[in-house]
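Please model the entire structure based on the sequences and the hints provided.
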Amino acid sequence: MKKKKLNLRVLLTYGILAAVCVLVFVLIETGVASRQFKSLVVPLCVNMMLALSLNLIVGFLGELTLGHAGFMSVGAYAGCLLSVYLEGTMPMALRLPLVMLFGGLVAALFGLVIGIPVLRLKGDYLAIVTLAFGEIIRSIILNLDFTGGAAGINNVPRDIYRGSNYLIAFVLVFITLIVITNLVYSKQGRAITAIRDNRIAAESIGINITYYKLLAFVIAAFFAGVAGVLYGHNIGQLDANKFDYNRSIEILVIVVLGGMGSIPGSLIAAGLITVIPEVLRTFSDYRLLVYAIVLIAVMIINASPRMQALRARFSVRRLWKLIRGRRRKKEA
Amino acid sequence: MKKAICMLLVCALLSLCLVGCGNDGNSDYTLVIGGIGPTTGVAATYGTAVKNGAQLAVNEINAAGGINGMQIKYLFEDDQHNPETAVNAYNTLMDKGMQILMGTVTSKPCIAVAEVAREDNIFQITPSGSAVDCIKYDNAFRICFNDPDQGTASAQYIKQQNLAQKIAIIYDKSDVYSTGITEKFEAKAGELGLNIVAKEAFTSSSATDFSAQLQNIKNADADLVFLPIYYEAAAYILTQSKSAGLETKFFGCDGLDGVIDQLGEQNAAAAEGVMLLTPFVATAEDAKTKKFSQDYKAAYGEMPNQFAADAYDAIYTIKAACEKANVKGDMSVSDICNALKAAMLQIEIDGLTGKMTWSANGEPNKEPKAMKIVNGIYEAM
Amino acid sequence: MEKTQEQTPMLKVENLGISFGGLQAVDSFNIEVQKGQLYGLIGPNGAGKTTVFNLLTGVYKPTTGRILLDGEDLTGRSTTYIGRHGIARTFQNIRLFKNMSVLDNVKVGFEHQYPYTVAEGLLRLPRYYRQEKKMVEHGMELLEVFGLQDEASYLAANLPYGQQRKLEICRALATRPKLLLLDEPAAGMNPNETAELMDTILFVREHFQMTILLIEHDMHLVSGICEQLTVLNFGTVLAQGETARVLKNPDVITAYLGE
Amino acid sequence: MSFISNLIGGLSLGSIYALIALGYTMVYGIAKMLNFAHGDIIMVGAFTIFTAASSLGGNPFVAILCGLVTCVILGVLTEKIAYKPLRGSSPLAVLITAIGVSYFLQSVALLIFGSTQRPFPKLFSLSPIRIGKDLVIKGESIVTLGVTLVIMAGIMLLINKTKIGKAMLAVSEDKGAAQLMGVNVNRTISITFAIGSALAAVAGLFYGLTYNFIGPYTGSMPGIKAFVAAVFGGIGSIPGAMIGGILLGVIENLSKGYISTELSDGIVFAVLILVLLIKPTGLLGKKIAEKV
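Chains as they are written, first to last, in the numbering used here: chain B, 1 to 332; chain A, 1 to 381; chain S, 1 to 259; chain R, 1 to 292.
It cannot be assumed that every hint is accurate.
Label-pair ranges, simulated between beta-carbon atoms [claimed, not checked]:
| hint | chain 1 | residue 1 | chain 2 | residue 2 | range |
| --- | --- | --- | --- | --- | --- |
| 1 | B | L112 | S | Y114 | 21 to 29 Å |
| 2 | B | L94 | A | M381 | 52 to 60 Å |
| 3 | S | G46 | R | G182 | 37 to 45 Å |
| 4 | R | V147 | B | L112 | 43 to 51 Å |
| 5 | B | N246 | S | Q149 | 49 to 57 Å |
Sample of chain B residues with no beta-carbon within 12 Å of chain S, all distances over it, derived [claimed, not checked]:
| hint | residue |
| --- | --- |
| 6 | T13 |
| 7 | A18 |
| 8 | L105 |
| 9 | V113 |
| 10 | T181 |
| 11 | S204 |
| 12 | I249 |
| 13 | V290 |
| 14 | R306 |
| 15 | F314 |
These are computed hints drawn from the structure, not numbers from a lab.
Heads up, the beta-carbon is just placed ideally off N, CA and C, and yes, glycines get one too.
This is the structure:
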């Protein structure tokens, strides 16, 4: 009974996302969509991947990190440098998966190396330490020669921007979504959620806290890295300053806005946060002001206890039950 | 169910920007020039200056009858100094029928946009994107100097005038402009036998307190500090060096222009004696600069900086090139670009930032002027 | 007496002690619990009962003494290790995984019994389905024992108090422990519920052949089901032995009623 | 000599961090929320003083008073409008609204004052102290350090010795229980925000005096650094925030002076990580043993 319901929810998420992807594809390929619309597609996918992966840490593991952009940058630099190196030696269809995997693995390795010492910390202390690691990574990238310093890398092949290659981004979002969903609804995912709900109880039934925390951290870092590689191959350049703590906070905004521990929530919020600032271009100078107000308003509407109670009263599910109840009465 | 509604909402928003950007069709009598730059975020000063400087030029040209009889429609989009946003801004402008691109203001976004602009073969002229890669394609030109040239020129000038024996550098490690100049400056200085005794860095996240850097320079006993940075950070350095009792000469590049206004009356003493190589100073006495500065101040309440001047010149350069190439309203974006590319090599502009001609690589040929701040105003050296 | 000599006791604790910054919370604590026994640990508030549990489960590391479970030395092991190697517990203040379903709470307890790798889980390989199916079956079996099968899909937080207690025991049993520690299982229950709980505990012992050590204040429960008792006072053992005899011990009565 | 000079530079930088961190900790420790907009309230305070000083005839005390009043009103209003509706939901939700408030204040300042940095009025003329030939201590730094110490002592007295302070402690422990004990939780939190924002105004004043220039984004970087300092010192600990701030400044300056100005950002954070790995609850934070 329960199992079916769960599968239905997951399938619904997959289905709606697939439908949206098809719709976007049709709009772009038939030329109905504007260029602005098209240029938003890949950044949106990048944000979705980042939000899904951060949600694993913040939503499911229940730990606050402010260094997600650091993993993104490590993955981006690793993958994009390899891509620059390999360009011309092999077809794109081979090179892209290879460099994405590489970027993801390097980021995951960083996640492991950083995770081992810092995951002993909790709460805001962990948040600060991850923020610190993100900034250290940025500082190091700025000081290394092969990363180009402040000038960054400017010759990353812009494969994803060209033609219909944005479809690759769709595929990546789906892979991220499926992996994260599968993880969450597995033994390992349950252990991770159990740690969030009650660490002490989880420990007492033999769950290895460090292992599962690291697992969540490493998988999240992996996808952040892949998202970074995707970002680099869309924009064609990397700049260490674009992966600072502000970027980490932006991802966190998406996760919290969508609801911690809600996978479809992350997807929807990524959409909102990517699209709203562009839609608000009509406000020109007042763009960011309006954005700030929208952010605060959405947050209050979405998360305040009073609004939640109100929503529960008027929820679609409740209405549906009411209608069904009446019908049943009539039949009786 | 709630999810479905939310997803629909996102779709609705997406389609809103789908519908919102139709072309208004009849562009026979207008020439659409698009501008891109940061008007919000930490680099907002530069973008705003460019936006305003160009607007002044557009107003003047439109009042005088436009370009080849066409009025200019000038559109400006914010990029928050972010390459991704800059590409979005570019595409938004393309949706709105942009025919010529004046931008972008900052280097990294400019490089990203240059890639896309090349694919569209749209004519691009950046007022202030100074990294070499900003104009690596043949459809792109620039008004400002590029970073390496400034570094080389500065070292040469210091050597020629024999300004210093021991040179210290303070540069912004996180900024392309600053690292670009510094790199070439060091190379040239080495070549010329100038002695660099200290090289101190800061980053965008520590750009207000310079006590340690200044102390290091003091320890190194430098007699000139080279500042390949923008005037905001320079203002901090100059005021703090005064209170730290550091008595060296200061030498900067075009980014330093604007430092007098930044310092304001109360800190004016800190700017005394600062030297810079720049194509433009807002307080210059020639009629053109005077009028520009007055108009700018009247319209926007503050003195223009070099960015505003570059943008002003960029618009007039577009005008001159369009007239030379006899650009017509019914020409396609790509045709305009091809015509302008040829015309750019033939025109000569006597702008706010000096007399300019262009070579095929898109770089302007113009002479920087060496200036020194004396009694609160610039004096030619 | 002969019995203890011929088989190793399930739990044997020797000279266990811990001090927190000079305060000796538990001192030279000895206990022997035989297989299948129902053993009670009682004492006034602050006597150090829960501290003993925390020592047994590795939450605190003892400063002196040894802990032997079925002959295996567990002294100084991590909580995770101990949880995996035979001691399961419940908590005084219920600690469920509140935002997970009832069934999932139990499934988390199966951590080491139905293993599959991360890759098998992510790729949904056959073993994932096989093991998950077994977990559901086994989990539902366990829930049925406690009459929780109809609530399997509820969030644990939404269960009434009494059922939360049961679920906690259920989750502890899911780890297939050799020894079950119950920390004040009857706290906050009315007499009817307590009576029901006593039946449940006895049933658990029968059904799973479980050795149980429990902390309790409710003397009715203690005298009703515990075979052996240890009384703690100020961190030291005040009395030990058969329930009826211990409860008659004048020292114990003084400790409980005051002088 | 240059060591002492660097140390003094670090102290002066650190005392600014400490001053900001005190206001941060106030709200952080009692309302249990990360007020990411604190840095921007500092910016608003500085701009208010700037505007008041240039339009109200330049009386410094009137200008400072204006700054204080504006910040207090702003702080209490943002709490009522943006944070209070979210009380009871996850602390992260409030963090996100605080980020929204931060964007909001920055955009408003950008629209009013433009993006160009403004020279902050020299409200007082403080002459630097010279010791020997090379040692110069800025007057502003000494005053900042002094004011920070006084404020720290003041807050500690307020919290430990007064009725409202007790109420604050109660609210920080458990809002529900405090309510039951007759503490007016809303009022207490409002007062906390009022004091925190007043401190932000003071920080804005000294920031302006020390660094001479203010802009719409002036507050964000010091805000983050102060957050780091507050956690470094131990969450909720008032002297911890003070020490955390000062140490952060000193470490930053010494690493610039003796290791590398190019890597200093990284070094500061590396030291921070090291300290937190050794002391996982900050320098003066209480180690909260979880009761099992």
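Results for each hint:
Between L112 (chain B) and Y114 (chain S) the C-beta distance comes to about 26 Å, which sits within the given range of 21 to 29 Å. With their beta carbons about 59 Å apart, L94 (chain B) and M381 (chain A) fall inside the hinted range of 52 to 60 Å. A hinted range of 37 to 45 Å for the beta carbons of G46 (chain S) and G182 (chain R) is inconsistent with their spacing of about 29 Å. Range check, V147 (chain R) to L112 (chain B): Cβ separation about 46 Å, and the 43 to 51 Å hint holds.
At about 50 Å, the beta-carbon gap between N246 (chain B) and Q149 (chain S) stays in the expected band of 49 to 57 Å. For T13 (chain B), the requirement that its beta carbon stay farther than 12 Å from each beta carbon of chain S is met, with the minimum near 16 Å. Even its closest Cβ contact with chain S, about 18 Å, leaves A18 (chain B) beyond 12 Å, as expected for a residue assigned away from the interface. Distance to chain S confirms L105 (chain B) as a non-interface residue, since its nearest Cβ pair spans about 14 Å, more than 12 Å.
Against chain S, the non-interface label of V113 (chain B) holds: every CB pair exceeds 12 Å, the least being about 19 Å. Consistency note on T181 (chain B): stated as away from chain S, yet its beta-carbon is not over 12 Å from all of that chain's, at 10 Å minimum. Consistency note on S204 (chain B): stated as away from chain S, yet its beta-carbon is not over 12 Å from all of that chain's, at 5 Å minimum. Residue placement check: I249 (chain B) keeps its beta carbon more than 12 Å from all beta carbons of chain S (closest about 25 Å).
Every CB of chain S is more than 12 Å from the CB of V290 (chain B) (nearest about 35 Å), matching its label as outside the interface. Every Cβ of chain S is farther than 12 Å from the Cβ of R306 (chain B); the closest lies at roughly 20 Å, confirming the non-interface assignment. Residue placement check: F314 (chain B) keeps its beta carbon more than 12 Å from all beta carbons of chain S (closest about 21 Å).
In summary, the numbered hints that this structure violates are 3, 10, 11.
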